[in-house]
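K.L.:
What follows is each chain in one-letter form.
2 protein chains.
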Amino acid sequence: MALIVQKFGGTSVADTDKIKAVAERVMALSKQGHQMVVVLSAMSGETNRFVNMAQHMQSIPDPREMDVLLSSGEQVTVSLFAMAVKAAGFDAVSLLGDQVKIQTDIMHTKARIKSINADLIKEHLNSGKIVVVAGFQGVTESGDITTLGRGGSDTTAVALAAALEADQCEIFTDVEGVYTTDPNICANARKIDKITYDEMLELASLGAKVLDIRSVGLAKKYKVPIHVRSTFTDTEGTWVVEEDKTMESMLVSGVTYSKNEARITFAKVPDTPGIASRIFNPISDAGIVVDMIIQNTRAGDMTDMTFTVPRTDYETAMKVVEKTAKEIGAERVSGDPHIAKVSVVGVGMRNHSGIATTMFHILARENINIMMISTSEIKISCVINEKYTELAVRALHDAFELEKENIPIED
Amino acid sequence: MALIVQKFGGTSVADTDKIKAVAERVMALSKQGHQMVVVLSAMSGETNRFVNMAQHMQSIPDPREMDVLLSSGEQVTVSLFAMAVKAAGFDAVSLLGDQVKIQTDIMHTKARIKSINADLIKEHLNSGKIVVVAGFQGVTESGDITTLGRGGSDTTAVALAAALEADQCEIFTDVEGVYTTDPNICANARKIDKITYDEMLELASLGAKVLDIRSVGLAKKYKVPIHVRSTFTDTEGTWVVEEDKTMESMLVSGVTYSKNEARITFAKVPDTPGIASRIFNPISDAGIVVDMIIQNTRAGDMTDMTFTVPRTDYETAMKVVEKTAKEIGAERVSGDPHIAKVSVVGVGMRNHSGIATTMFHILARENINIMMISTSEIKISCVINEKYTELAVRALHDAFELEKENIPIED
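Just so you know, the sequences run in chain order V and R.
The C-terminal position of the first sequence is numbered 411 in the working numbering, with every residue numbered one higher than the one before it.
The C-terminal position of the second sequence is numbered 411 in the working numbering, with every residue numbered one higher than the one before it.
Hints are supplied without guarantee of correctness; some may be wrong.
Pairs involving identical chains hold if they fit within one copy or between any two copies, as the list cannot separate such chains.
Unchecked claim - Listed next, the in silico DSS-like pairs over lysine-lysine satisfying Cα-Cα at most 27 Å (straight line):
(1) Lys122 to Lys101
(2) Lys101 to Lys114
(3) Lys319 to Lys101
(4) Lys387 to Lys20
(5) Lys387 to Lys319
(6) Lys110 to Lys191
(7) Lys191 to Lys268
(8) Lys404 to Lys101
(9) Lys259 to Lys319
(10) Lys18 to Lys323
(11) Lys220 to Lys101
(12) Lys122 to Lys268
(13) Lys191 to Lys223
Rather than coming from a laboratory, the hints here were simulated on the basis of the structure.
Fair warning: this is a prediction, and the values are worked out from it, not measured in the lab.
Isolated chain V, as found in the complex:
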C-alpha cells in the first residue's frame, strides 16, 4: 500500500464528465489499497474568465482581491470531484488551501509556500477518505488567501508529497511525458523514461512546458520522485528523479529551443569600469529581465556587448538602449528580434568534453551561423537565426541519436 499524490491540470478537469473520468482513475488505485491525495486545478478557461472580469473592474487588479477571485476556481473542481467519488460509493473530502494550512508568504498572485500542516490530510487518509486538495492556493499567517502563480498546482502537489512523505507524485497533463525534443518539429522525438531534476530544470526553463519549474526545484530539494504522464491514456510517462549511475551513460537527454527572445548588441563601447552596470541598470529599471550576456573585447579600449531579452520586451528595450548608447558613447546599437536559442541538455556531458564540439560541428555542417553561446554544467545553448530553428533541432536530435533508447532503465 502506497501513499500517492496525483495532480490533474485544468484540461483534465475541464468539465463535469472529465472530472468523473479522473475520479474513476483515482478510485481504481484506492480500490487497490493505496492512500490517495488528489490535487486539482481550476477548470481550463476559468482563470482567463476571472482575469478578464478583474481587468474590467480595475486596470491593474488588486493582488489580494485577485487571489480571492482566482482561488474560487479550484473550490469548484475539488467539491465536484469529491461528489463524484461519493456518488461511486467511496468516501472523499475536499480541502482548500487554508484548510490544509498551506501557509505562504504574502506575495499575492505569486506566493511561495512556507509550510504545510499534513496532520488533517493524514487523519482523513487514515479514516479511509480520498483527500481532494485545491491546488494553486495557500493562506498567509494573517488568514489572507494567496495563489502560487501559473503552474502553482504542480507546486502544491510536490509540496504535499514532500510534507506527507508520499511514495510518489504523479502529475497528469495532456501530453504523455517529457520528450527528447518537440515532436511537432522532429518526428523521431522519443518520450524520455527517466530524467534528473537538474535536466528537467534546464528543459523547463527552456520551455518544455509539462512541469512548472518551481515544482521541480522543490521536488529536487525534498527528493520527491515525480511521474509526469497523460490523463487520457494509461501509458507510463516520464519519471523525474535523483541522478543515478545508469543515467550518466546517456550524454544528452534532450534538445530544446526557445523563440521567445530577442538579441541586442552595443558595438564599440568604451571599455571602462562600470560600463556593464550603465548598460544594464536602465534595462532592469524598465522591468526587463536579461538572459544571456556576452562581452567581446575589441582592439583598443573598445568592447562589444551582446545580450538577449524576452521578445515581448524587445521594443521597450530598444528605446532604453538607444538612450543609453548616446550617454555612454557607444558607436552603434543594433537589435534582432528574429533569433532562436537551441540547447542540448544532459547530465552525462559533465564528464564528457565532446558535446559542445559536436554541437558546433553539426550547426556548421548545416550552414547555421552561431550568434551567441552560453553553457552550464549540463547544458549548451546557441543563439541562431530563427529561421533555422527546426533544421537545427532535427540535426542535433539525429546527431546525438536521441531516438534510440540507449540506457537501461532500472526501477
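Starting from the known structure of chain V, arrange chain R on it as the hints suggest.
P.N.:
Frame of chain V, contents of chain R only:
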C-alpha cells in the same frame, strides 16, 4: 457618521457593470463619512449553474461539498467589488465567511449562525476601509464551510448589523419595497413605508418574497431596523421596525395570497382518540409539511378532517392518505389542488374585532365560498377556490382602503 450595513442580492451584482454601479452607490455614502459594510450574494444564475453541475456529479449532492461549491459564488462577487472600489481610489477589503468567523452549526446547506466575531471588521472599518463580506456563508467550529440556505445573504446582513450594532441595515433588491398587496394583481397596491417585524414575518411566510423570513426573525430578536429598497432607484423603500404606537391605528397592513397549497379532506372518520396522529404520522413520515388543519365534528361518532399540504407534494400526499383512509375506516378521502389562501395581516387587528367580520362579508359579497379559515393574533387567512384569488385580493384591498396612506409616519 453612521455604521451602515448594505446587502445587495444576485440581480444587483449580476455582471461586472452592475457590480461597478453598486460600488458607486456604496462609495457615495462612504464619501459622506459613513462606515460601510457591504454584504453580497453570488451573481444571479451562478447558484443554479452550480446546482446543475453538482447534480451531474451525484444525484443527491453531498451537503458538505455542496457548500464548498456554492460558497465560491460570493467569493467572486466580493473580490470584484473590492477591486471596483479600489479602482475608484477608495480602500476596501473582501472577507469570506470563515475570515469573519461567521460561526454556524454543522447543518450543511441550511446552517444557522451561532456567533460572529466583529473585531476584524471593526479594525478594517477604523482604518478607513469599505468592508465587503461574502453573504450566505459561514464556517463550522472545525473549519468546514457552510451555507445558510436560500435567502441566506439577508441573514448574514442582519446578523452583521446586530454584531456590529449598526445604525441601519439596508437590503437592496429588485423591487421598491413591501407592498400592501401584489401590484401585478391590484393596481392600487401601495408601497408600505413602515411595517413591524411581526407583520413582515406573516407576510414573508405567505410569500412576499422581498425578505428572507429568518432574517426578519433575527432582526426582531436584536432590534435591527431593516430598510428594504430598490438597487435601481434612490426612492425610500419599506422600513421593517419595532412596533410603535402610531402603527396600531392602521388595522390592516397588507393583503397577501398563496397558490402553493392543496387541500385534502377525510370525510366521516371515526372520532376516536389518536385518530389525528394516525392520519398525520404517515404524511410527516413522507417528509410532507402540513399547514392548516381543521376538524369538524359531525353527528354521531364521526368527524371530518381537512388540511393543506404544499401543492408540489399533493400527489405523494394523496397516495399516502388513500392508504390511511382504508386503515382507519374513513368513508371517503378527497383532494383539491386548485385552492388559494388569501390573508389580511396587521398589528392593528389585535385590538379590533371587526377585521374578520369584514373579510368574510367582502368574500360573501363577491360570491366566493370560504373552504377553511385560520387565524393568528395579527392575521386572518381564508382558503378559497384558486380562480377567485385575484378577485378576492382586489376586493379586500379596496375594502380595507389600503391604497390610502392612513397613518402618519414618524422617523
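K.L.:
Would you mind marking each hint as holding or not holding in the structure?
P.N.:
Here is how each hint holds up against the structure:
Proximity of lysine 122 to lysine 101 under the C-alpha cut-off of 27 Å is found in both arrangements, the shortest distances being 13 Å within a copy and 25 Å between copies. In this assembly of identical chains, the alpha carbons of lysine 101 and lysine 114 lie at most 27 Å apart whether taken from the same copy (10 Å) or from different copies (24 Å). In this assembly of identical chains, lysine 319 and lysine 101 lie within 27 Å of each other by CA distance neither inside one copy nor across copies; the values are 46 Å within and 52 Å between. Taking CA atoms no more than 27 Å apart as the test, lysine 387 paired with lysine 20 passes in neither setting, with 44 Å inside one copy and 48 Å between copies.
For the identical chains of this complex, lysine 387 and lysine 319 are intra-copy neighbours only, at 25 Å inside a copy versus 79 Å across copies, given an alpha-carbon limit of 27 Å. When the C-alpha separation of lysine 110 and lysine 191 is checked against a cutoff of 27 Å, the pair qualifies neither within a copy, at 31 Å, nor between copies, at 52 Å. For the identical chains of this complex, lysine 191 and lysine 268 are neighbours neither inside a copy (46 Å) nor across copies (83 Å), given an alpha-carbon limit of 27 Å. In this homomeric assembly, lysine 404 and lysine 101 never come within 27 Å of each other (Cα to Cα): the closest approach is 46 Å inside a single copy and 60 Å across copies.
Proximity of lysine 259 and lysine 319 under a CA criterion of 27 Å is satisfied intra-copy only: 21 Å inside one chain copy versus 73 Å between copies. Taking the shortest Cα distances, lysine 18 and lysine 323 never come within 27 Å of each other, neither inside one copy (54 Å) nor across copies (46 Å). Proximity of lysine 220 and lysine 101 under a CA criterion of 27 Å is satisfied intra-copy only: 23 Å inside one chain copy versus 39 Å between copies. Neither within a single protomer nor between protomers do lysine 122 and lysine 268 lie at most 27 Å apart by alpha-carbon distance, with minima of 64 Å and 63 Å respectively.
Taking the shortest alpha-carbon separations for lysine 191 and lysine 223, only the intra-copy value of 22 Å comes in at or below 27 Å, while the best inter-copy value is 70 Å.
Violated hints, listed in ascending order, are 3, 4, 6, 7, 8, 10 and 12; each of the other numbered hints is respected by the structure.
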